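Which chain is which? The protein sequence lines are A and B, in order.
Every number in the numbering used here is 11 more than the matching position in the first sequence, counting from 1.
Every number in the numbering used here is 744 more than the matching position in the second sequence, counting from 1.
Calculated directly from the structure, the hints in this document are not laboratory data.
Treat the hints with caution; some may be incorrect.
[Unchecked claim] Okay, the calculated bits of chain B under chain A, using three or more residues with CB under 8 Å as the criterion: (1) 929-936; (2) 950-957.
[To be verified] Over the 12 Å line for every Cβ pair with chain B, so calculated as not near, a few chain A residues: (3) V33; (4) I35; (5) G40; (6) L51; (7) V52; (8) P54; (9) A77; (10) R102; (11) W103; (12) F114; (13) R170; (14) G173; (15) I189; (16) I205; (17) L228.
Computed from a predicted model, the values in this text were never measured in an experiment.
Glycine residues also receive a C-beta, built at the ideal position from the N, C-alpha and C atoms.
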Amino acid sequence: MKPSPGRALAESALPPALTFVVVIALWEGLVRAFAVPKFLVPPPSDVLRAVWTERATLAGALLTTASGAGLGFLLSCSVGTSIGLVFSLSRWLERGLYPYALFLQTVPIVAVAPLLVLWFGPGLRAVAVSAFIVSVFPIIANTLAGLRSVDPRLSDLFRLYGAKLGDTVLKLRLPTAIPSIMTGFKVASGLSVIGAIVGEFVAGFAEGNAGLGITVLAAYRQLKTDLLFAAVLLASFLGLSLFALVSRLSTLLLRRLRAPG
Amino acid sequence: MLQDIDLVIEAGSFVALLGPSGCGKSTLLRFISGLDSPAAGSIALSAGAGEESASVPPKLAFVFQDAQLLPWRTVLDNVALPLELQGVSRAEARQRAHRPLAEVELSDVHERFPDQLSGGMRMRVSIARALVTEPSVLLLDEPFAALDELTRQRLDERLRKLWQTRRMTVIFVTHALAEAAFLAERALVMSRRPGRIVLDHPLQLPEERSLDLRTNVDFVAQTALLYRALQQHGALDDAPTASKAELTQ
Numbered sequence: 012m013k014p015s016p017g018r019a020l021a022e023s024a025l026p027p028a029l030t031f032v033v034v035i036a037l038w039e040g041l042v043r044a045f046a047v048p049k050f051l052v053p054p055p056s057d058v059l060r061a062v063w064t065e066r067a068t069l070a071g072a073l074l075t076t077a078s079g080a081g082l083g084f085l086l087s088c089s090v091g092t093s094i095g096l097v098f099s100l101s102r103w104l105e106r107g108l109y110p111y112a113l114f115l116q117t118v119p120i121v122a123v124a125p126l127l128v129l130w131f132g133p134g135l136r137a138v139a140v141s142a143f144i145v146s147v148f149p150i151i152a153n154t155l156a157g158l159r160s161v162d163p164r165l166s167d168l169f170r171l172y173g174a175k176l177g178d179t180v181l182k183l184r185l186p187t188a189i190p191s192i193m194t195g196f197k198v199a200s201g202l203s204v205i206g207a208i209v210g211e212f213v214a215g216f217a218e219g220n221a222g223l224g225i226t227v228l229a230a231y232r233q234l235k236t237d238l239l240f241a242a243v244l245l246a247s248f249l250g251l252s253l254f255a256l257v258s259r260l261s262t263l264l265l266r267r268l269r270a271p272g
Numbered sequence: 745m746l747q748d749i750d751l752v753i754e755a756g757s758f759v760a761l762l763g764p765s766g767c768g769k770s771t772l773l774r775f776i777s778g779l780d781s782p783a784a785g786s787i788a789l790s791a792g793a794g795e796e797s798a799s800v801p802p803k804l805a806f807v808f809q810d811a812q813l814l815p816w817r818t819v820l821d822n823v824a825l826p827l828e829l830q831g832v833s834r835a836e837a838r839q840r841a842h843r844p845l846a847e848v849e850l851s852d853v854h855e856r857f858p859d860q861l862s863g864g865m866r867m868r869v870s871i872a873r874a875l876v877t878e879p880s881v882l883l884l885d886e887p888f889a890a891l892d893e894l895t896r897q898r899l900d901e902r903l904r905k906l907w908q909t910r911r912m913t914v915i916f917v918t919h920a921l922a923e924a925a926f927l928a929e930r931a932l933v934m935s936r937r938p939g940r941i942v943l944d945h946p947l948q949l950p951e952e953r954s955l956d957l958r959t960n961v962d963f964v965a966q967t968a969l970l971y972r973a974l975q976q977h978g979a980l981d982d983a984p985t986a987s988k989a990e991l992t993q
């Protein structure tokens, strides 16, 4: 028997909701019971109050960080997919350039961030580039893997009919690679928020509208730990939202392509 | 892998290529299709008997073991694909795809996607896709091996009818004796690796073949003959190395 949609929703949403309630209650109870100093661990009620009283600051910060992460993510999607495609077309280029693409994955972004400020000036552009650097590699790697996963017999079929390279890419390789590319996008969506926050730590000072990374730093310097918690929670909320959005788009696209998963 | 293959296949004939697994049947088929090239020897395909037509390569089509359809394309668009790849406009390709679909009796499902079809139907789409370019040579590599026996027999019968109406050259690779005997005019039995042709046998069976032919005495005798050839030459064999496959169509 198929469970009703309401029941399915309850079954999937209830356990995490329960966990949330239990953890918040424990947190509030323990902090109060042991009289933990508020600058170390503020109780959830204080964090909630901080979200409310600082709502204007936090909303602006959320928007700023979302712009940086979003821009960096879109840049990653377009550049990463293109690089993956170019690599897939030439073994020679792939061998020559892949190790340096890997460099993007391993470079400590905090160390490079000052350079980004020098190159792009403090503010949105440097933050977006930071988000891009952190999130592009999974897209390159997944695109490449996807394009390479074409069934050899389908390649034979295209070869037999003398298919042009353009047709082979558009009608066979790219559609085959979409599920894998989408996996890359999903991984990159979360990473882009991390990259944006880290970028802001170094490069986010310029504009009047400070991002969540700046909010975290400012709250830390003023020992407003409740605001710090609020900013961190908003940052992970942003990452989750971006991930959920990309997942949804991915599901719709894969359904259209009738791909499994 | 293959040895001493010297073979002439006449245009319009139906040839079954039989042999144990790994004997090189599929390799030979790939050589004929031009997808791979032999290390030594040559394959010649010609579009007709005359001198002038010898330079024009005949149109080939290949049917793989699994239907190998594109899951994101409808049945009609899958059948239209070879034409699109050859530069025919999408609209015209779709137009022309209707005819082969009708020949495999799948017109009514042309808007469905492969995952909405049974295995046998998918295979019929695959055959329609092969027919859409009006090939003069049709190569099939164990096309029905993954299907259940009844579906397979029905597809054999359909393929035989398609051949009778179109009279293209068909080379059918299989390891099923009864299937080979039912379908072909000529059966080639290959030995175990290195693959050689150990029996080249014209099948003496009626032109019109229906499903009950399989219980016919002549049919059983022909199958037995192929079976003995397969059994005798299952062993490895040391033979000279040169290999040559020649195809005149």
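Structure-based check of each hint:
no. : hint    : in the structure
1   : 929-936 : violated (count 0)
2   : 950-957 : violated (count 0)
3   : V33     : holds, 43 Å
4   : I35     : holds, 45 Å
5   : G40     : holds, 53 Å
6   : L51     : holds, 55 Å
7   : V52     : holds, 52 Å
8   : P54     : holds, 53 Å
9   : A77     : holds, 33 Å
10  : R102    : holds, 20 Å
11  : W103    : holds, 23 Å
12  : F114    : holds, 35 Å
13  : R170    : violated, 7 Å
14  : G173    : violated, 7 Å
15  : I189    : violated, 9 Å
16  : I205    : holds, 33 Å
17  : L228    : holds, 48 Å
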